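Generate coordinates for the entire structure from the input sequences, incorporating the hints supplied.
Sequence order for the protein chains is R and B. The numbering used here puts the first residue of the first sequence at 1, with every later residue one more than the last. The numbering used here puts the first residue of the second sequence at 112, with every later residue one more than the last.
Quick list of simulated restraints, FRET-style, between CB atoms: (1) R:V111 / B:T188: 39 to 47 Å; (2) B:R171 / R:V60: 31 to 39 Å; (3) R:T10 / B:R161: 34 to 42 Å; (4) R:T28 / B:G170: 23 to 31 Å.
A few chain B residues that don't get close to chain R, going by computed Cβ distances all over 12 Å: (5) S123; (6) I124; (7) E166; (8) K180; (9) T195.
Don't read these hints as lab results, they were simulated from the structure. Nothing here was measured: the structure is a model prediction, and the numbers come from that model. Ideal placement from N, C-alpha and C gives every residue a C-beta, glycine not left out.
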Amino acid sequence: SQTIHQWPATLVQPVGSPLSLECTVEGTSNPNLYWYRQAAGRGLQLLFYSVGIGQISSEVPQNLSASRPQDRQFILSSKKLLLSDSGFYLCAWSHARDPYTFGSGTRLTVV
Amino acid sequence: SQQGEEDPQALSIQEGENATMNCSYKTSINNLQWYRQNSGRGLVHLILIRSNEREKHSGRLRVTLDTSKKSSSLLITASRAADTASYFCATDVLGAQKLVFGQGTRLTINP
Chain R
1 SQTIHQWPAT
11 LVQPVGSPLS
21 LECTVEGTSN
31 PNLYWYRQAA
41 GRGLQLLFYS
51 VGIGQISSEV
61 PQNLSASRPQ
71 DRQFILSSKK
81 LLLSDSGFYL
91 CAWSHARDPY
101 TFGSGTRLTV
111 V
Chain B
112 SQQGEEDPQA
122 LSIQEGENAT
132 MNCSYKTSIN
142 NLQWYRQNSG
152 RGLVHLILIR
162 SNEREKHSGR
172 LRVTLDTSKK
182 SSSLLITASR
192 AADTASYFCA
202 TDVLGAQKLV
212 FGQGTRLTIN
222 P
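Shown next as structure tokens:
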């Protein structure tokens, strides 16, 4: 069966420090991969999505970047975190028009 | 900007009552999906309705879709305390490979 792993679950980082969040999918191949961010009590904002290795689409210009070094690996990065980068980050995968499967999320607090 | 707008933002009802949440969107869609999120967790897919469907059922869930009004509703019948969560609609936008989420409805079921 397909599973999605996202880590870490929580992270507290100082302003100006780098960030690397990793998401991996098991049990499927060539998934579409997505990074969303959710502010407290709000909806999900799509940050990046990828339909294949090395293919990254950015939805919102910001302090973050994404990479897909392997078919089932999606990484969200930042060179220097800002206070406004705090939030709940969710990774998801899907095929074509199928429903998304979400990871359990990473709570990032930038202090 | 967010594609979907849920209404109401928050809903509190007694256990056993029915809960209705509404969603409006702006562009043409392939399908519309509803997701549930327990506090601090990832999203879980509930039901998908295609653009050529008008109504769909799954257990205690009933979803309607009116593409002429660009709106959808989610009905949860005979609510239970365990239904307490946030509910999001998401539109699979025609011509895109991504889901756009609304702001969500926070549902509280009082025992």
